[in-house]
Structure formats: C-alpha cells, structure tokens
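Residue numbers (the working numbering), protein chains in the order written: chain C, 1 to 204; chain W, 1 to 204.
Since the hints were derived computationally from the structure, they do not count as laboratory data. Worth double-checking, as some hints may not be accurate.
To be verified - EDC-like cross-link-like pairs, simulated, lysine to aspartate or glutamate; straight-line CA separation at most 16 Å:
| # | chain 1 | residue 1 | chain 2 | residue 2 |
| --- | --- | --- | --- | --- |
| 1 | W | K187 | C | D180 |
| 2 | W | K187 | C | E177 |
| 3 | W | K142 | W | E119 |
| 4 | W | K187 | C | D31 |
To be verified - Chain W stretches covered by chain C per the calculated footprint, using a threshold of three residues with CB under 8 Å from any CB of chain C:
| # | segment |
| --- | --- |
| 5 | 31 to 40 |
| 6 | 68 to 74 |
| 7 | 115 to 124 |
Ideal Cβ positions, reconstructed from N, Cα and C, are used throughout, including at glycine.
What follows is the residue order along each chain.
There are 2 protein chains.
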Amino acid sequence: MPQGNPIAVPADGLTTRARRNTPVLAVHTGDGKGKSTAAFGMALRAWNAGMRVAVFQFVKSAKWKVGEEAAFRELGELHERTGVGGAVEWHKMGSGWSWSRKAGSEVDHAAAAADGWAEIRRRMAQQRHDFYVLDEFTYPLKWGWVDADEVVNALQARPGHQHVVITGRDAPPGLIEAADLVTEMGKVKHPMDAGRKGQKGIEW
Amino acid sequence: MPQGNPIAVPADGLTTRARRNTPVLAVHTGDGKGKSTAAFGMALRAWNAGMRVAVFQFVKSAKWKVGEEAAFRELGELHERTGVGGAVEWHKMGSGWSWSRKAGSEVDHAAAAADGWAEIRRRMAQQRHDFYVLDEFTYPLKWGWVDADEVVNALQARPGHQHVVITGRDAPPGLIEAADLVTEMGKVKHPMDAGRKGQKGIEW
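The shape of chain C in the complex, shown without the other chains (with noise of 0.2 Å):
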C-alpha cells in the first residue's frame, strides 16, 4: 500500500497539481506472473474512474486472457448502457488486429505488430483514449519487429494526460529508463512447476 507522502519533492519547477496529473507510463516486467493481470486491474480502476480504457494484445493466440476479455467486454456495455465508468475497447492481434483488413490465414506476425503499433500512436496522437493496456509488447521489441527507440520516442511525445501500461518479460533498458512505474513480477513458486495444468477462472 503505497503511503500518500512523497519520499522527496524533485526541484523540477513544477506544481503538487501539475506534478500528480503527469500521464503515467508503468511496465509490468520479469518472469513471474501477474504482469498482466496487474495490469487489468489497474485498468479496472481507470474505468471506474471514467476513463476511455483500450487494450492491446500483441499476442499470436489470445486464450489466457478470454476472462478479462469478457469481463471488460460486460464493463464497456455497462458503460454503453448506463454511462457507469468509461468506453472500453479490448483489440488483439491473433490472426491480424480488427481494424485491419489483412487479416488471412497467411498472416506475417512481424508486420501485424507494427500495424498494431503504428495505429496505436496514430491514437495516442488523436487522444482517443485515457488508458493503454499494451499487453506482452515487450515481445515484438525484443524480437525487433518494432522499433523500442521509436516506441520510446512516441510515448515520451505524446499529447495530453494518457496513461499507459506495458507488459512483458525482457522489457528493453530504454523503456525501463522511460518508464514512470516499473514492476518486476518475480517467480517464487507456480503451481505448473508442480504439473498442475491451468483451469478456468484461475489462468484464464
């Protein structure tokens, strides 16, 4: 539980207002679980708080997030319904993004994830929404299918007060450097390491 007194007040010239309304940019990295899931529940918190909340998954097979997926997909029609909390809209990549119309069954991985980012920044240049959940998009930076220097450049430009999230393992030192918040999820102990396989509503 973070306390609500700073450890230090930086001679940066800005005010306690300007300061606590800095957009954040976290990453959730290293090789324990919850990277994402913290992630989502930060993103639960930012809905209810009205935020226009859209995730990203850069991932080939989305199936371990289907439960967050649903739940999020409920909160945005709640949202639609009642005006409770804020838009939702929940993009992955599996088999090419949904606004794309490249998708086939011969898809380039590689060049689906740089569509994915490209149109992120377009977003993030347009502001259209408060919170970014980019979820395992250490991935494509580490395999060099996106630019991390050019990642790191958009997000320190970017306009307004939009808050984004980055998950993955081997997040690259640039981002780290960038990055407001940073969180190393380390493995203790996972039941999988015991030959327990995953099961509903526990691993997805």
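Position chain W against the provided structure of chain C, taking the given hints into account.
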C-alpha cells in the same frame, strides 16, 4: 504468459483432471506495487467464470481500493440483474466489519482482524464463496493479531474447491510454504520516489 505444458508431472497419484481442479492458494508479496491489483485482476477472471467472489480488506483505511470496490460492486449488480458472471461480496475492516455489531469509534484493530479471520474461516467451512481475496492479510499475521500457523492449517484443511489469494508484504514462511503460487512483486521504480502524489484512476 504461462505455457500450457507443465514442466514436470508429479508422482502424486492424481489424474490430470484432479490436479487441474485443485483449489489454488496464491500469495502476492514483496515491496513493489501490483500485489492487490493482480489479486483483483484474478478476481475479475474468477467473476467471469461465474465464481462467487468475496474480498476481505484487512486495512484500517481502504481509500486506496475504492476504484476496485466500486467496479466490483457494479459487477456484482450486473450478476444479480442479468446472471452474467458470479456474485460479489466486498468487506472491509474499516471501523469494524459490515457483519459485526462491534463497530464504533473505539475500534480494537487486533480484535477486528481476529474477527475477520474467524468469519472467513466459518465461510470456508460452509464453502460460501469460490474465490477469496484476503487483501493485506499478511499484516495482522506479521503483527501477531492472527496466528499464522492456525491460518495455514485452516487454509490447508479448507473443503471443496475454494481459491484463496492473500496479499501483503512479508508473508510468513509457513504461508509461502503452504501456497501453490507465490509471486514477489519487486519495486524497480515508483513515481512517488520522484515526488509525485497519487492520482484518481491510477493510484486508487
């Protein structure tokens, strides 16, 4: 993202199905952020799977979790109205528990924590919920308000298929030992280190 294949198959005499259906005891500990947030993300997934979710917050002031609480109350109402997802209960110690008559201006926090645990133990015996979040429950254990060995014994003896997630720093060794899934959230960088205060939708 966990892989679908377990690293090793244990010689525990269980079928894959029996092992898959083993209820999970998870602990989120460490000095970093995301312990509770990841627990609420898991609860969201459990809710979507139709599980009866119950959250018990063992903190005096629950101001940091109001966003999650509000969002889960919406999900609980959505369930009651439409049958989607599972039932939700959210209890916080605050100044006494909601089920207790003892609330008053002079609250004995040690006694309140013990009452909270006694109630959870009763509910587990009755299999009243499917997914329990015992938020910041490590603190009453650490401070000796609730006996850690008794907790571990009760958790290990819980009947049926009840999942439990416990959050907080300094989880006692016996609890770590008993847990199926332990994640250590390590702080790498936090905006409050840079003199920022928390902001709505991000910190609470």
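The hints, checked one at a time:
1. W/K187 with C/D180: holds, 12 Å
2. W/K187 with C/E177: Distance of about 14 Å is within 16 Å: holds.
3. W/K142 with W/E119: violated, 19 Å
4. W/K187 with C/D31: holds, 14 Å
5. 31 to 40: Check passed, 8 qualifying residues.
6. 68 to 74: Three-residue rule met by the segment 68 to 74 of chain W, so holds; n is 4.
7. 115 to 124: violated (count 0)
Of the numbered hints given earlier, the model fails hints 3 and 7; all others are met.
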